[in-house]
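Q: Here is how the chains run, residue by residue.
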Amino acid sequence: MVSLNAVLVISFLLFSIGIAGVLIRRNALIILMCVELMLNAANLNFIAFARHSGSVSGQAFALLVMGFAAAEVAVGLALVVALYRRRDTVQVDDINLLKG
Amino acid sequence: MEHFIETIGRNMFAIFGVLALVGALLMIGARSAIHSVLGFLFAMLNIAGCFLALEAEFLGVAQILVYAGGIVVLFLFVVMLVEMSKKHEGEVFQLQSRYAVLAVAGGVALFLGVFRKAIFGASSPEALVLRPELAKGLDVAHQNAQAVSRGLFADYLLPFEILSVILLVALVGAVVLAKTERV
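Protein sequences, first through last, are from chains Y and W. Heads up: the first sequence is residues 1 to 100, going by our numbering. Heads up: the second sequence is residues 101 to 283, going by our numbering.
Same shape as in the complex, but just chain W (with noise of 0.2 Å):
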């Protein structure tokens, strides 16, 4: 038993990729709306797994934050604005899907048969660990967010504004596409 979960600990980060990769599927092969956000919920649960498995723990409660409580909570108002009527049943699937899910397949394959050797290879590099001596100064391990607010506050700090004004934009964009006509 205790080897089973000790197992499971040291595989953390593929057990959320695998349930995240599930929930997209779900996410693309629902029939109704409301079950595809459902599936896209699923998925980015699992990716803010996958980033604690990684050590980020700021970004992993970020992406819960954001995803599950924000983006997902406005789809839902829209599914629930939008997909009330049933006069569209129709088809779910667009008519070149055969060629579409073939040629993504393909790519997929053609991308893991180059990178086979690299990616399943016995060279293939070690393990993902942080190398102390690169990490001098920013003790990513043990002090997540403030390492990353140095790095957000300090050295990308023009970005940041940016992206403040990107957001502004795109609130004001919001607020004038989706009025009524008369104000």
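This is chain Y alone, in the form it adopts within the complex (with noise of 0.2 Å):
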């Protein structure tokens, strides 16, 4: 059987995976998936106290948070393409228009 420590423990190192992630890497694309790992961590979570709890609702919530990573990813692309388009690149440090 699984221990529930198990599934936390490598939630939580997915988590910090993506955390690491978002915070090494320059192109967006990249930063966008490791946002979703982030959500998919949450997602295991989720899922692993709804088994200890032996109730449904984890799952329920889990699968809502799908979706919803769905449509940020989509949002999320439509946002790199439109930058792409105006600015020709993707690279996060070249996105510095804000800058004093």
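Examples of chain Y residues lying across from chain W (beta carbon under 10 Å, computed):
| # | residue |
| --- | --- |
| 1 | Arg26 |
| 2 | Phe61 |
| 3 | Leu83 |
Note that these hints are calculated values from the structure, not bench results. C-beta: ideal position from N, C-alpha, C; glycine also.
Fit chain to chain and form the complex, with the hints in mind.
A: Okay, structure coming up:
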């Protein structure tokens, strides 16, 4: 059987990798993928606690989070495409219009 | 041999979880965006395996359909649109990468240090089994999709409807953001 702690450790490590990716990468696409990874880590926690408490609410909410992630990806990729069209780059360091 | 197979069957979650971590590391470490997308795909498939190992069958299959079938394809399309020109070779990682990695590693070490006793100690709680008295009326183990649908459409109907509005707004927003200047 799976122990709750194993799930929590795996999901915590996935979330940490996601944060590290957001902090260290320059490519906006990869930053979006890292955000997706963090949402998935949260989903893993939802499912683990649903399993632990024997209720199905966590699984229903994980499904809602999955739909939310799909919406977020659609808007994020549209932003990346619009950015590429306007500034001809997807590197976040090149987007410095607001820099004084 | 049979013993080996049994061991694998018992540790299915750990195997999938470690493979998901490997995929995530490949994703943030790869130099080209295509390789990152492939690492992302690998991580998502293994997370789906984790869901299956936790007996959330419906969500595992939905994860494969939504991520491997939809989101990865979207990412590949955008990579194809955007990354064709090689003029921005440059540096892949940020200037502050070293400090960021150090900070995240410090956070991980802090977490594992604080919760060391709870996670690895002898008093760590019992295995994650379904408690039948809590799942009365919702036969989670045997008919997962039915149970999830009851949770989704009976208990959480309002969040579900709100999510559908959010999806509609995202759809319209994506079209507006990505369309060209002259219609």
